[in-house]
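Protein chains: 2
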Amino acid sequence: MSHVFTDVPGGVTAPKGFRASGVHCGIRKNTEKKDLALIVADCECAAAAVYTTNLVQAAPIAVTRRHLLNGRARAILANSGNANACAADGEENALRVCAAAAKELNIPAEDIIVNSTGVIGQRLPIERIEAAMPELAAALDAGHGGADAAARAIMTTDTVKKEIAVTFELGGVNVTLGAIAKGSGMVRPNMATVLVFFTTDCAVSPGLLNDALSDAVKVSLNRVSVDGDTSTNDMAAILASGMAGNKLIGAKNGDYEIFRAALTHTATRLAKELARDGEGATKLVVCRVSGADDEQTAERLSMSVTSSSLVKAAMFGADANWGREMCAMGYAGARFDPSRVSISFSSGNGEVAVCQNGCGLDFDEDKAKLVLSGKEILIDISIGRGTASAETYGCDLTYDYVRINGEYRS
Amino acid sequence: MSHVFTDVPGGVTAPKGFRASGVHCGIRKNTEKKDLALIVADCECAAAAVYTTNLVQAAPIAVTRRHLLNGRARAILANSGNANACAADGEENALRVCAAAAKELNIPAEDIIVNSTGVIGQRLPIERIEAAMPELAAALDAGHGGADAAARAIMTTDTVKKEIAVTFELGGVNVTLGAIAKGSGMVRPNMATVLVFFTTDCAVSPGLLNDALSDAVKVSLNRVSVDGDTSTNDMAAILASGMAGNKLIGAKNGDYEIFRAALTHTATRLAKELARDGEGATKLVVCRVSGADDEQTAERLSMSVTSSSLVKAAMFGADANWGREMCAMGYAGARFDPSRVSISFSSGNGEVAVCQNGCGLDFDEDKAKLVLSGKEILIDISIGRGTASAETYGCDLTYDYVRINGEYRS
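Listed in order, the protein sequences are those of chains A and B.
All residue numbers for the first sequence refer to numbering that gives the first Met the number 0, where the first residue is 0 and numbers rise by one.
All residue numbers for the second sequence refer to numbering that gives the first Met the number 0, where the first residue is 0 and numbers rise by one.
None of these hints come from the bench; they were simulated from the model.
All values derive from a computational prediction rather than experimental measurement.
Some hints could be false.
The list makes no distinction among identical chains, and a pair is therefore deemed to hold if it is satisfied within one copy or across any two copies.
Unchecked claim - Taking lysine-lysine pairs in the DSS-like style, the calculated list, with each CA pair at most 30 Å apart, reads:
{"hint": "1", "residue 1": "K368", "residue 2": "K28"}
{"hint": "2", "residue 1": "K366", "residue 2": "K28"}
{"hint": "3", "residue 1": "K32", "residue 2": "K368"}
{"hint": "4", "residue 1": "K246", "residue 2": "K32"}
{"hint": "5", "residue 1": "K271", "residue 2": "K217"}
{"hint": "6", "residue 1": "K366", "residue 2": "K217"}
Working from the sequences, and respecting the hints, build out all of it.
Next up, the structure:
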């Protein structure tokens with residue numbers, strides 16, 4: 000099934016029924032950097048979220064889980080600069096954030112999805128958040144300005160704002176899906192990732208919204224690794240206002256499949272953006288493993304390659320040292336026959352085959368260097384068995400990754 | 000049980016009955032760099048080895064496995080500069096290495112332990128190795144010169160030669176144990192590690208030698224991570240000449256326990272040396288997790304901390320960002336209660352407690368910076384449950400790691 004998803008401007012306010020805002024409330028020292036984001040729907044929404052599998056979970060995750068038990072929500076509120084994880088009064092402060100927003104927005108506190116991102120282990124400066132709430136609410140905007148501010152307010156070490164919106168047709172009706180994301184470091188999602196907030200005007204039941212989100216995240220955001228560290232605050236959440244006017248999706252029918260495909264398309268593009276803007280990264284590295292007996296094997300082998308420090312450093316140096324891919328697959332914990340492996344590299348600068356049937360090919364080193372100097376590298380590996388395949392998304396390991404993480408709190 | 004293990008000079012030739020040598024045969028371009036090492040016993044030895052668990056295994060590993068089926072060997076031969084993994088004629092060339100050495104030494108080819116280390120995927124320049132064999136055999140030396148040359152010949156990106164020898168008493172007899180090792184990159188041993196070659200004059204049966212080696216490696220070399228990449232060529236091997244004159248260890252008695260303790264002591268010191276000299280490393284990072292219900296839990300949590308890129312970069316930057324330790328434990332896949340975790344950092348410059356019962360402590364940032372600027376950092380974590388503990392060994396993540404691995408083949 001192939002559908003047309005057309006890019007539109009507007010980010011999370013592109014779908015009907017959403018306003019957004021972002022302000023600087025004083026968590027971050029830099030007063031130019033927004034650190035508090037809000038997305039609000041005009042009506043109650045079907046809502047769903049997936050969360051980090053880290054055993055250490057930030058306080059707001061627990062609060063959001065409870066708030067989403069009924070599959071309904073109205074707003075998303077997130078701060079950057081402080082993770083509210085392993086911090087004094089964590090849950091109390093997450094509840095205070097919700098209470099302050101509820102009062103200002105005149106909605107139930109239980110209808111708020113809350114999260115935080117930033118340094119672990121420091122008390123959330125709740126007073127500053129409470130004090131900024133009137134300003135944040137007053138700044139709500141159904142135009143692109145609000146969505147832009149919200150997207151910027153959740154950024155941490157991200158260098159690029161991550162925002163997307165697409166429209167597609169559902170039973171003759173135009174439906175829109177928007178999203179913002181932040182990533183950069185501590186990125187090795189597992190069941191959820193980083194912060195990603197979706198909005199849509201699609202009419203869809205909460206249960207199916209949850210299924211579609213889980214499925215989409217599994218093959219997109221869960222296939223990103225910047226540094227192998229699964230964060231304590233990962234969350235992907237979605238609000239569906241139903242204001243597009245489509246027939247409510249209440250079963251896993253054709254409309255559901257299209258909606259799920261739109262969500263997967265959007266999440267996959269964000270996954271690539273997150274990898275491309277990984278801390279210190281100079282390039283996006285996509286690893287496709289094909290010829291597997293099943294998708295899980297392909298995913299595991301591919302993830303091991305994109306996660307390998309040695310592969311990542313070689314990508315930075317544009318060094319076609321393919322033995323590192325072979326080595327990373329070898330310790331991935333999945334079965335394959337090394338003597339049936341073929342590997343090639345490609346980018347906007349061309350393609351070069353480096354290994355066939357497990358042995359090195361004579362290749363032009365200058366050409367390989369040129370290929371690997373591209374900004375988007377595909378490591379294409381076939382393990383020569385079945386027809387299953389999987390792609391995962393990573394980046395190179397650079398001096399800047401070390402610099403950023405050697406002085407993160409400074 | 001506590002024993003006295005006294006350091007002695009001599010490396011792998013310190014035990015009675017061993018000669019060693021190392022030469023440059025032309026695998027490495029730099030003619031100053033020795034690339035071929037040989038250790039030979041004066042008599043047939045009890046012998047054992049443990050190997051990498053990487054599914055992709057270098058050709059010499061298969062050959063050595065067959066040669067050690069009878070628990071006997073006479074010599075160890077290893078080259079650096081080429082891994083003979085995923086390479087044309089791999090096994091044939093590993094056999095040719097053994098044949099050439101056997102002819103020169105007048106011993107059976109099946110009595111030779113063979114391995115390689117270096118770039119994966121390139122054909123072993125077997126002709127150069129064969130041509131250098133007479134020179135290598137002629138250079139054999141029972142004095143420290145030979146051991147030193149062998150230790151240097153197996154180095155790859157190591158910056159420091161790794162060599163150790165200790166003596167201890169066994170039933171009134173002095174027994175000696177020597178070892179050389181190489182590590183540096185692609186280091187995340189699993190069941191074996193890097194290249195480590197032990198020699199001893201202890202009289203011990205092959206089966207018990209194998210058990211003692213496996214046990215020692217499990218709590219030492221298998222607890223090292225430089226970059227999380229388990230190599231295709233990892234091997235730890237031991238030759239026991241029996242020439243010390245002790246009563247043959249043929250059962251798991253008191254003598255066996257002392258011998259095993261000596262091997263564990265030696266392997267643990269080498270593990271620390273390997274971590275300290277990890278590619279680009281400026282410091283040794285030891286993580287001790289205590290208060291666990293069982294050792295496996297402690298080991299898993301500890302290994303997750305020493306393997307985390309974010310922890311490693313923070314150690315480089317001397318940043319007491321302890322949330323990263325907490326986060327790394329959270330995704331380790333072992334159970335613990337975050338609210339019972341305490342964390343402190345120490346080094347030669349002092350100690351600083353940063354987290355108690357899962358929450359941050361107010362600590363002096365200047366003092367923490369001073370502590371973490373030490374050359375040997377202990378991350379001391381208690382999870383507040385049982386009495387089991389484990390230490391693992393790592394290093395910091397630095398600009399030089401990126402530099403070395405961005406241009407490894409150049």
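Between the shortest in-copy and the shortest cross-copy C-alpha distance, which are at most 30 Å for K32 and K368: within, between, both, or neither? between (38 Å within a copy, 27 Å between copies)
Same-copy or cross-copy closeness of K271 to K217 [CA-CA at most 30 Å]: For K271 and K217, only the intra-copy Cα distance (14 Å) is at most 30 Å; the inter-copy one is 39 Å.
I want to check one pair: K366 and K217. Are their C-alpha atoms no more than 30 Å apart within a copy, between two copies, both, or neither? neither (35 Å within a copy, 44 Å between copies)
Can you give me the call for K368 and K28, within, between, both or neither, at a CA distance of at most 30 Å? Classified as between; 21 Å across copies, 42 Å inside a copy.
Should K366 paired with K28 be assigned to within, between, both, or neither, using CA atoms and 30 Å as the limit? Only across copies: K366 and K28 sit 23 Å apart there, 46 Å inside one copy, limit 30 Å.
From the Cα coordinates, with 30 Å as the cut-off, is the pair K246 and K32 best called within, between, both, or neither? neither (41 Å within a copy, 74 Å between copies)
Hint compliance for this structure: hints 4, 6 are not met, and every other hint is.
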